[in-house]
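Please arrange chain B on chain A, whose structure you already have, making use of the hints.
Heads up: the protein sequence lines correspond to chains A and B, in order.
Oh and the first sequence: position 42 is 971 in the numbering used here, straight run, nothing missing.
Oh and the second sequence: position 1 is 46 in the numbering used here, straight run, nothing missing.
Bear in mind the hints are in silico, worked out from the structure with no lab data behind them.
Please note that the accuracy of each hint is not assured.
[Claimed, not checked] Here are the simulated DSS-like pairs of lysine-lysine, each with C-alpha atoms no more than 30 Å apart in a straight line:
no., chain 1, residue 1, chain 2, residue 2
1, B, 116, B, 62
2, B, 62, B, 102
3, A, 986, A, 999
4, A, 999, A, 988
5, A, 999, B, 63
6, B, 116, B, 102
7, B, 63, B, 114
8, A, 1029, B, 102
9, A, 1029, B, 114
10, A, 986, A, 1041
11, A, 1029, A, 985
12, A, 1029, A, 986
13, B, 62, B, 110
14, B, 110, A, 1029
15, B, 102, A, 999
[To be verified] Output of the computed footprint for chain B on chain A, the stretches with three or more beta carbons under 8 Å from beta carbons of chain B:
no., stretch
16, 948-957
17, 1031-1038
Everything numeric in this text was worked out from a predicted model, so none of it was measured.
Just so it is clear, CB atoms sit at the ideal spot from N, CA and C, and this is done for glycine as well.
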Amino acid sequence: TQLLEQSPQFLSIQEGENLTVYCNSSSVFSSLQWYRQEPGEGPVLLVTVVTGGEVKKLKRLTFQFGDARKDSSLHITAAQPGDTGLYLCAGYSTKAAGNKLTFGGGTRVLVKP
Amino acid sequence: EAQVTQNPRYLITVTGKKLTVTCSQNMNHEYMSWYRQDPGLGLRQIYYSMNVEVTDKGDVPEGYKVSRKEKRNFPLILESPSPNQTSLYFCASSFSKTVYYEQYFGPGTRLTVT
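This is chain A alone, in the form it adopts within the complex:
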């Protein structure tokens, strides 16, 4: 069974602070996706990283895929209340039967004004 562990599980910060969310596994993934989920809604894709060592930026969000494609991080600079939500990482493995997408347990982020 492939597992994706996210840390921390919960993060509460003040507006303007920076934060980093980690997504770790002992398995290699072909690609990794980050989703954000707001209350009462389904997850929405933020980014897909495919290449080991890849870094992608989305405004104040920076995503990095580890060199060995086993881990990823999400860094938010100068967080705003609108960044509040549940952040989920999800890894694709082409070695598993049928191209399996495995989700981490999620990190709940609260940005206080």
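Same frame as chain A, now just chain B:
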């Protein structure tokens, strides 16, 4: 508007009473799947479908059934619901089941089985 719709959004039922949660997408996507979300466990796949009449088990299929008679619809059936199936359910679709395609999620169905 491109979307995945689920109905109902909220459902309270009793043990053993069959129920169906509908899912429909208007993006002509081939791939559809059902997930359940429980606190601290993330999203776990129940069943998925690669195309019409092609379905397969995900990680937690016990107690669930699905069908894919039309490309746009992928209902989730609980023949005899039990309290351990109380959860938040999401339907998702994507163009294809590859590493590059985004999954579009429905708004969720919160199911309580008493």
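Consistency of the hints with the structure:
1. A C-alpha spacing of about 27 Å is found between residue 116 of chain B and residue 62 of chain B, which places the hinted pair at or below 30 Å, so the restraint holds.
2. Distance restraint check for residue 62 of chain B and residue 102 of chain B: the Cα-Cα separation of roughly 23 Å lies within the 30 Å cut-off, and the hinted pair is therefore satisfied.
3. Under the criterion of a C-alpha separation no larger than 30 Å, the hint pairing residue 986 of chain A with residue 999 of chain A is consistent with the structure, at around 20 Å.
4. Taken as a hint, the residue 999 of chain A and residue 988 of chain A pair is honoured in the structure, with Cα atoms around 25 Å apart against an allowance of 30 Å.
5. Between residue 999 of chain A and residue 63 of chain B the alpha-carbon distance is near 41 Å, which puts this suggested pair outside the 30 Å criterion.
6. For a cut-off of 30 Å, the pair hint linking residue 116 of chain B to residue 102 of chain B stands: about 18 Å separates their Cα positions.
7. The hinted pair formed by residue 63 of chain B and residue 114 of chain B meets the criterion: a straight-line CA distance of about 20 Å does not exceed 30 Å.
8. Among the hinted pairs, residue 1029 of chain A with residue 102 of chain B is consistent with the structure: their alpha-carbon atoms are about 11 Å apart, no more than 30 Å.
9. Restraint check for residue 1029 of chain A and residue 114 of chain B: satisfied, since their Cα atoms lie roughly 23 Å apart, inside the 30 Å limit.
10. Proposed proximity of residue 986 of chain A and residue 1041 of chain A is supported: the alpha carbons are some 23 Å apart, at most 30 Å.
11. Of the supplied pair hints, the one linking residue 1029 of chain A and residue 985 of chain A holds, its CA atoms being roughly 23 Å apart against a limit of 30 Å.
12. A threshold of 30 Å between alpha carbons decides the hint, and for residue 1029 of chain A with residue 986 of chain A the separation of about 26 Å falls inside it, so the pair holds.
13. Restraint check: the Cα-Cα separation between residue 62 of chain B and residue 110 of chain B comes to about 14 Å, which is no more than 30 Å; the hinted pair holds.
14. Our distance criterion of 30 Å between C-alpha atoms is met by residue 110 of chain B and residue 1029 of chain A, whose separation comes to about 19 Å.
15. A C-alpha spacing of about 25 Å is found between residue 102 of chain B and residue 999 of chain A, which places the hinted pair at or below 30 Å, so the restraint holds.
16. Counting residues of the stretch 948-957 of chain A whose beta-carbon sits less than 8 Å from any beta-carbon of chain B gives 0, not enough to reach three: the coverage restraint is violated.
17. Closer than 8 Å: that is the beta-carbon criterion, and the stretch 1031-1038 of chain A has 4 residues meeting it against chain B, so the requirement of 3 holds.
Hint compliance for this structure: hints 5 and 16 are broken, all remaining hints hold.
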